[in-house]
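Spelled out, the chains give:
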Amino acid sequence: MSPILVLDDVSVKLPAGGDRSHAMEKVSLALAANEILCVVGESGSGKSMTANAIMRLLPGGVTIDGGRILFEGRDLCGLGEAEMRKVRGAGIAMIFQEPMTALNPLRSIGDQIGEMFELHTELSAAEIKARTLALLEEVRIPDPALAFKAYPHELSGGQRQRAMIAMALALDPKVLIADEPTTALDVTTQAQILKLIRDLQRRKGTAVLFITHDFGVVAEIADRVAVMSKGHVVEQGATQAVLGNPQHAYTRQLIAAVPPLKAPPPRALSSEPIMTIAHVSKTYRTGGFLGRGQRVTHAVKDVSLVLPKGATLGIVGESGSGKSTLARCLVRLIDPESGEIRLNGIDLAKLSREEMRSATRDIQMVFQDPFASLNPRRKAGEAVAQGLIVHGMARPEALARAKELFGLVGLDPASTERYPHEFSGGQRQRIGLARALALEPAVLVADEPVSALDVSVQAQVLKLLAELRERLGLSIVFITHDLRVAAQVCDLVAVMKSGEVVESGPIGAVFGEPQHAYTQALLASIPGREFGKGQRLAEEATA
Amino acid sequence: MDLVKLYVRSPPAVIGLLLLILVLAMAASADFFYPRDPLALAGRPLIWPFSNPRFLLGTDNSGRDIAAQIFHGARISLLIGGVATVISVMIGITIGALAGYYGSWVDTALMRVTEAFQTLPNFLLLLVLVAVFGSTITTVTVAIGIVSWPASARLTRAEFLSLRNREFVQAGRTLGLKDMRLIFGEILPNALPPVIVYASVVMAIAILLESALAFLKLSDPNVASWGNLIGAGRDVLRVQWYVSAIPGIAILVTVLAVSLVGQGLNDALNPRLKSR
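As you go down the protein sequences, you meet chains A and B in turn.
Mapping to the working numbering: the first sequence position 443 is 443, numbers consecutive.
For the working numbering, count along the second sequence from 1 and bump the result up by 543.
Treat the hints with care, as some may be off.
Here are the computed lysine-lysine pairs in the DSSO-like style, where the Cα-Cα straight-line distance is at most 27 Å [what the hints assert, rightly or not]:
#, chain 1, residue 1, chain 2, residue 2
1, A, LYS86, A, LYS13
2, B, LYS548, A, LYS379
3, A, LYS350, A, LYS309
4, A, LYS26, A, LYS13
5, A, LYS262, A, LYS463
6, A, LYS129, A, LYS204
7, A, LYS309, A, LYS262
8, A, LYS230, A, LYS13
9, A, LYS174, A, LYS86
10, A, LYS13, B, LYS721
11, A, LYS379, A, LYS350
12, B, LYS760, A, LYS379
13, A, LYS350, B, LYS721
14, A, LYS174, A, LYS204
15, A, LYS403, B, LYS721
Quick list of the computed label-pair ranges, beta carbon to beta carbon [what the hints assert, rightly or not]:
#, chain 1, residue 1, chain 2, residue 2, range
16, A, THR121, B, SER802, 44 to 54 Å
17, B, ARG655, A, PRO376, 30 to 40 Å
18, B, THR679, A, GLY60, 47 to 57 Å
19, B, LEU663, A, ALA125, 53 to 63 Å
Rather than coming from a laboratory, the hints here were simulated on the basis of the structure.
Note that the Cβ used here is the ideal one computed from N, Cα and C, for glycine as well.
Work the whole structure out from these sequences, hints included.
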């Protein structure tokens with residue numbers, strides 16, 4: 001079959017003064033009708049730039065400076081802006097990562113999909129409405145007539161992404177470019193959207209260029225895969241071949257960094273609990289007047305858990321399940337309404353603000369976003385030393401200790417004098433870890449500590465966390481939405497849904513034989529479930 | 544260092560800085576060029592500028608040297624502008640920071656006070672304050688500071704509202720930092736750039752307010768301020784217009800200089816805004 005979209009030695013030049021001269025260098029890809037090609041790579045690999053170059057939606061100062069982009073035999077690089085507009089939407093359509101920002105909040109969904117027909121066809125208003133409703137039906141939005149009139153904020157994330165797909169497919173484009181379309185979605189929604197994209201693609205014979213960072217998604221959806229690194233395609237081929245038998249060292253390293261879903265053999269746990277959480281609840285009330293017409297949200301509802309000394313307790317769940325609220329209750333960033341949080345016998349929930357300030361010595365937190373969690377105007381070393389100074393250590397001593405801690409988390413002790421923006425994401429997360437460890441806490445609460453990191457960096461940080469746990473005898477509460485990560489680091493796991501713990505126990509048991517229907521659904525939704533197993537089979541075959 | 548480089552890239556900002564340096568130089572050299580009391584009688588009244596080499600800018604209606612008053616007036620104007628700005632921004636930052644950080648009833652109470660100040664035309668309030676407390680240079684300066692803080696309070700509050708829930712502030716709380724340390728050590732340095740830029744606007748307004756007071760002859764008559772000179776020239780405005788026009792130009796240049804410097808600082812502190 002002759003390919004419909006060909007990238008022939010395409011290079012994209014970045015403005016001078018960046019860390020590299022080209023976002024893409026001599027990238028050659030071919031996409032045939034009726035296939036899904038996944039472009040996979042870490043952040044900064046140039047995978048999104050590839051999508052933008054094809055659509056000619058490049059940011060200012062970024063230009064295509066070599067090669068050809070052939071769509072149905074025509075070179076898109078040579079087209080004028082007016083001709084390009086005819087290709088966009090009708091010939092090549094695109095869906096984006098965050099449907100909330102890609103949709104206009106002031107116009108209804110039906111209006112925005114209908115616009116595609118208005119711009120590119122001569123259909124009458126009634127026909128446009130009929131076609132739009134048919135499209136919404138096709139992407140299986142519940143109640144298409146209602147969704148037609150709805151505004152973007154009235155739909156859930158998954159429904160919005162369905163509306164985006166409907167819009168992209170409105171004119172039956174030959175090529176669909178999907179730029180991380182499921183990254184912002186929960187795992188169960190992601191599974192549904194991936195299935196939808198594959199079904200529609202099979203039925204309409206569309207060629208799909210699917211951009212992702214997640215090898216699980218690749219295993220789930222791709223026919224062929226291209227691996228990008230620093231602007232180059234380092235390897236491409238059929239999915240089975242690339243995932244099962246990667247040739248390039250970088251691909252091998254990436255695949256090795258994907259945590260397998262199966263938990264390692266259980267460790268012996270201490271029978272002595274260090275922290276017990278009993279009947280903790282937190283509700284939010286909004287609106288209403290004197291208690292009438294209030295909206296009550298149970299963010300955390302009667303949660304009881306036990307953290308044994310030296311163990312790691314994972315709390316998993318989708319967004320809105322209350323796992324982050326629970327984490328913030330543990331360190332009293334949020335005051336729980338009722339319940340007990342006993343750490344070494346002291347009930348943290350009952351402490352006054354003043355008492356809690358000194359109790360922070362024993363419980364510390366690591367945050368999710370490595371860019372937001374460090375004060376941009378404070379030197380890294382000072383950020384780490386700050387806690388020690390507050391708790392009474394002399395400044396020079398605290399700064400010397402900060403240097404030691406930098407060594408402990410694998411950073412250069414000389415870099416304490418640098419500001420946060422001079423570090424990479426993974427390094428910043430190590431600084432965050434050093435800051436939390438400075439006070440030598442007994443319990444560490446880690447709120448999604450690796451979810452903002454690339455998979456290879458993620459593997460390094462998880463390894464560091466496991467080492468520190470052994471060395472310092474830490475007990476960890478580990479919040480995550482990623483079940484693969486949970487399987488690797490946790491001894492115990494609690495699954496949360498709508499503020500409640502629906503199932504908890506040793507990780508092997510919960511993930512091996514899930515009892516609750518929700519846990520089963522969650523595990524079944526993980527993209528590329530078989531991927532980890534297939535990898536092991538391949539290893540056995542080569543051995 | 545980067546800030547300096549970004550700053551000098553914009554020509555208006557450089558011009559503004561040069562003008563400001565010129566005014567500062569005038570203020571600094573006043574005693575050297577015009578060692579006598581600028582308010583002492585120097586010669587015949589109402590000599591036109593450039594007609595007598597002894598009085599380069601002429602004399603006013605009581606025979607005082609205009610050039611001497613302009614040079615010495617630069618000191619007064621800059622002093623009033625500077626001190627009033629510091630007072631205004633200090634009050635604004637404190638109120639805005641407390642309101643933005645604590646939220647709930649603290650915020651409600653402080654913002655109602657701010658609105659009370661904002662609804663009164665600030666020149667009217669200034670007149671009342673000067674009428675009650677008298678018009679010495681100290682009371683005038685303090686009064687200008689007191690009437691011009693609400694905008695910087697609102698600005699600081701808005702910054703605090705967006706910064707107080709950032710993870711680095713929460714991290715500070717989990718480390719056991721006290722509220723005052725979080726407010727002034729962690730959040731304020733990040734909230735400051737827009738407030739500093741706005742301070743240049745406050746300074747320009749402060750200089751104008753003082754001139755307006757002086758024009759109504761309500762400012763301190765015992766100092767050689769530009770406003771006082773304009774006020775004096777009012778009586779002979781139709782014929783000897785230069786008496787009011789020369790200090791007017793001095794005020795124009797100073798306010799322009801301060802605004803350009805403020806704009807330049809804004810562009811340098813937010814380089815991304817400018818390239819858009």
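Right, here's what the structure says about each hint:
no.	hint	in the structure
1	A:LYS86 <-> A:LYS13	25 Å, holds
2	B:LYS548 <-> A:LYS379	22 Å, holds
3	A:LYS350 <-> A:LYS309	22 Å, holds
4	A:LYS26 <-> A:LYS13	11 Å, holds
5	A:LYS262 <-> A:LYS463	17 Å, holds
6	A:LYS129 <-> A:LYS204	21 Å, holds
7	A:LYS309 <-> A:LYS262	24 Å, holds
8	A:LYS230 <-> A:LYS13	13 Å, holds
9	A:LYS174 <-> A:LYS86	13 Å, holds
10	A:LYS13 <-> B:LYS721	49 Å, violated
11	A:LYS379 <-> A:LYS350	35 Å, violated
12	B:LYS760 <-> A:LYS379	53 Å, violated
13	A:LYS350 <-> B:LYS721	19 Å, holds
14	A:LYS174 <-> A:LYS204	9 Å, holds
15	A:LYS403 <-> B:LYS721	24 Å, holds
16	A:THR121 <-> B:SER802: 44 to 54 Å	53 Å, holds
17	B:ARG655 <-> A:PRO376: 30 to 40 Å	33 Å, holds
18	B:THR679 <-> A:GLY60: 47 to 57 Å	56 Å, holds
19	B:LEU663 <-> A:ALA125: 53 to 63 Å	55 Å, holds
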